[in-house]
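Sequences are here, hints too, so could you generate the full structure?
Protein sequence lines correspond, in order, to chains A and B.
Counted the way the numbering used here counts, the first sequence spans residues 17 to 243.
Counted the way the numbering used here counts, the second sequence spans residues 36 to 259.
I should point out that these hints are in silico values taken from the structure, not numbers from a laboratory.
It should be emphasised that the depicted structure is a prediction, and the values quoted were computed from it without experimental measurement.
Yeah, the Cβ is synthetic: ideal placement off N, Cα and C, and Gly gets one too.
Warning: the hint list may mix true and false statements.
[Said to hold, decoys possible] Which residues of chain A face chain B? A few of them, derived with a C-beta cut under 7 Å, are:
| no. | residue |
| --- | --- |
| 1 | Lys-155 |
| 2 | Leu-170 |
| 3 | Val-171 |
| 4 | Phe-178 |
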Amino acid sequence: MKQGFPILAIVTALLLSFALYQALIVAPTEFTMGDVQRIFYYHVPSAWTAFLLFLINFVASVVYLIRRDPKADILALVSAEVGVVFCTVVLITGPIWARPVWGIWWTWDLRLTLTLVLWLIYVSYLMLRRFSTSSQTPKLAAVVAILGALDVPLVYFSIWFFRTQHPSPVIGGGGSLDPRMAHVLLINWAAFSCLAWLLCWTRYRLEVVTREVEESRSLESLLEGSR
Amino acid sequence: MTFLAITRATLAKDIRLEWRSKDAINAMLFFALLVVVIFSFSFDPTAEESRQIAGGLIWVAFLFAAIVALNQTWAREIRNQVLDAYRVSPAPANPLFLAKALVNFIFVSVLEVVMTPLFIAFYKLRAVGPGWELIPITILGTWALVVNGTFFAAISLRTRSREIMLPLLLFPLSIPALLGMVNATTAVLTGETSARFWIALLLAYDVVFTVACLLLFETVLEAE
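Shown next, in the form of structure tokens:
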């Protein structure tokens with residue numbers, strides 16, 4: 017397992033540089049939006065990666081509640097953390113793209129609002145993990161993660177109806193994607209997924225080591241107390 | 036003891052406790068009154084547009100005030116290790132949760148009954164749409180707030196600064212419920228659109244989270 021880490025790191029670095037080259041040089045310039053549209057190659061893959069990580073968080077939480085396996089708990093923690101990072105990237109690149117194209121920083125459109133609410137839900141999940149004092153944090157966190165995931169479809173439908181009542185100022189939408197653009201998008205997504213994998217892996221190992229250190233420390237103080 | 040007997044016993048105990056001290060209900064009522072008065076200064080109540088935002092104001096006031104009661108729910112069980120006693124007793128966890136949620140439902144309903152006339156007077160409200168729809172909206176909306184609120188209050192019991200933790204957990208998850216309550220109420224008050232979809236959404240929200248909370252509450256109660 018450990019030997020795989022440097023290989024993944026090298027693959028990620030190569031893929032990211034290749035994806036950068038593809039996105040900035042190879043991909044055709046968009047007809048109406050111009051070069052600013054290239055942020056698309058970062059915005060969309062980040063969003064896909066974030067949603068994938070939130071899905072992993074949900075599955076890992078369910079597995080933890082069933083099997084009580086600490087590995088599942090660590091996986092849930094790191095996927096939520098890295099997911100929030102990618103979701104933040106989405107929420108920052110979105111307005112940067114929207115401002116020159118739509119003329120506004122933000123609109124309460126379905127996808128934007130859904131992403132924002134997802135971000136809020138997972139930040140509150142991480143807050144709970146941070147503030148929790150009991151040794152049962154993993155259980156409580158898993159419960160909150162499951163409730164948060166259950167909330168997502170309800171958020172989707174409520175905003176969907178909310179928005180159909182008040183038409184959004186977004187012009188365009190629909191239309192098909194140039195196959196060359198789709199190609200670059202997929203390369204970028206592959207690179208971002210590798211990056212997310214790498215980050216999760218690093219964070220996972222860090223968390224395992226942290227827990228080992230904590231455990232041996234509490235063991236040490238127990239031994240000292242009995243002496 | 037059966038499920039119903041435990042629920043009834045816990046419910047009666049909590050209501051009796053509250054009847055004698057009146058801590059939660061007084062704090063909640065006064066807090067809601069303050070919110071209403073502050074809102075009246077922040078948004079001109081005589082303006083015609085107030086009708087458009089009144090639904091939002093009412094529910095935000097109730098949401099904030101409900102937090103006061105929700106934070107009290109489990110705190111009083113900590114003092115004499117009542118919760119620990121409950122945990123070692125053979126009684127199942129769900130009737131306890133249901134009783135606590137019902138108590139909070141009653142408290143918030145009392146709050147709504149007292150505060151609604153005040154809101155109507157301050158904002159000169161009247162329902163342009165079908166007024167009877169406000170009853171299912173209020174019942175479903177209140178239950179949506181208290182069922183998750185009671186659940187998250189039990190979770191935030193195990194955190195530092197637990198009074199802060201409850202809204203941090205509850206608000207993000209309550210966004211669809213809040214959208215439902217506010218839009219349904221506004222739809223009835225202005226009579227411009229139908230509230231049907233929002234009532235259905237609230238119903239779905241209530242069913243999903245009541246079932247989920249009942250399934251997961253045992254895990255939360257045992258976690259110590």
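Which earlier hints can't be squared with this structure? Going through the list in order, the structure violates no hint and respects every one.
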